[in-house]
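Protein chains: 2
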Amino acid sequence: MNFIEKLQRAAQRNYSLVCIGLDPDPKLMPENVGVYDFNKAIIEATSELVCAYKPNFAFYEAMGREGIEALERTVKCIPAGIPVIADAKRGDVGNTSKAYARAVFDIMGFDAVTVNPYLGFDAIEPFIQYQDKGVILLCRTSNAGAGDFQSLYCETSEGRRALYEIVADKAQQWNTYGNIGLVVGATYPEELRLIRQQHSDMLILIPGIGAQGGDVALTIKYGLSPEGDKAIINSSRQILYASRGMDFAEAARQAALNLRDELNKYRGINES
Amino acid sequence: MNFIEKLQRAAQRNYSLVCIGLDPDPKLMPENVGVYDFNKAIIEATSELVCAYKPNFAFYEAMGREGIEALERTVKCIPAGIPVIADAKRGDVGNTSKAYARAVFDIMGFDAVTVNPYLGFDAIEPFIQYQDKGVILLCRTSNAGAGDFQSLYCETSEGRRALYEIVADKAQQWNTYGNIGLVVGATYPEELRLIRQQHSDMLILIPGIGAQGGDVALTIKYGLSPEGDKAIINSSRQILYASRGMDFAEAARQAALNLRDELNKYRGINES
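Quick note, the sequences are listed as chains A and B, same order. The opening position of the first sequence corresponds to residue 1 in my numbering, with each subsequent residue numbered one higher. The opening position of the second sequence corresponds to residue 1 in my numbering, with each subsequent residue numbered one higher.
Because the hints were derived from the structure by calculation, they are not lab data. The hints are all genuine.
No copy labels: a pair is met if it fits in one copy or bridges any two.
In silico lysine-lysine, DSSO-like type, Cα no more than 27 Å apart, as pairs:
| # | residue 1 | residue 2 |
| --- | --- | --- |
| 1 | Lys98 | Lys170 |
| 2 | Lys27 | Lys98 |
| 3 | Lys40 | Lys27 |
| 4 | Lys40 | Lys98 |
| 5 | Lys265 | Lys221 |
| 6 | Lys76 | Lys40 |
| 7 | Lys221 | Lys170 |
Owing to the predicted nature of the structure, the values given are computational and were not obtained by experimental measurement.
Starting from the given sequences, assemble the full structure and let the hints guide the process.
See below:
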């Protein structure tokens, strides 16, 4: 089963578009709980409420080799039916991207990876060659500085287009195996609307709701495919750190449930 | 001593602009030599011939946790006077880039890092805040697909500029602490000429000579600052895999010496 199928099944089974960003931050975690134990408790409490998990590598790498070990163990403890996205934002010249692809897919066992498109096709192609895996290209990111380059207007043979639109066009063109998706931040609803309008069937990973301030109603209104799916809506801090006490897992479950139900309300789905 | 000073001193002491890319590839390495032992032998044979070393993280991550351990040990065995560049091409939203910066600088002890600019200023800023460290932004990369996005012409208040030129302009503008550099591939000499013309004093890391086909004479002609420095010229495979036999270190030394002297010939420097 490929990534997109696995994702769709999890989303349907759990009535959920929620992806939890597993971004452990010792400054926000309950004291005396190790990273792996923290993640494991969060996963056990929420795995029936999500369509995917998405650990961001930075938080693990910042803890040195112990962090990497916790990341590897975390991936292994996620139930088989839930896809796991490596939020690694990798991308390098062809020969080197091949090594990165091996690292995230073969060594660490992820189902999908986020990739930075700046280096162009040969940086992305080694990831795409893993046809069962998902390759989610940064298109319009959720951060404040996203516009510095992504919103520049460029000349193309079809006229004037923003860089992020061109990235989306290329993603569509390169999507021979149907395994490419895009990252578009909920913090930029107008850009999300535009991208969805131009790529009705493409998978979109949408970070930026919750702590980053993206609007939930607009995210649902603009982010979904005509069938009401093909969107992964990520929340990290709002769920992980719902409580700093020893009830963190139960609090995370409640936060995930609330978010799922809020999203479903706007989707017109009533199922708990 | 900050990164640029350390680099300049090493370059002067060793009469060298050569940076060796420590990119271990088991398919090309001599059999039965571990990654750390391989790197250590290469470093011992070449540390008086280079201005820097640059391990690319992909090759280590592709070997799992053992690879990361070999990377950490490699950084530690490089002589203190030679700067070490983390070729990691990182970059994420502000909060997350901060974790990446901690990983490469505080945890792993690198002197500089390559950063992908696609996410904009807040993705780059946490790295820049380490004022003694180098932050080398991808500008015009050496690979075939570099032009897919980097060469797009964009609208700016100063008129029509290629994306990679805009990245270089921003790098200059953000360079408050003097610790930013640019990656420009030797495989695109015209672009290298342009960037150097527009940013005479900026540090440029130049990959792409050797296996990738960049021209050495043009690299020197176009890549250096008016003082004949501020360039790091990287070679990986051509040096590391000069021999696959047990004489690999001696062969690497000879290849590094040849490259150094060839570069110096074009620089008009005669010193061995």
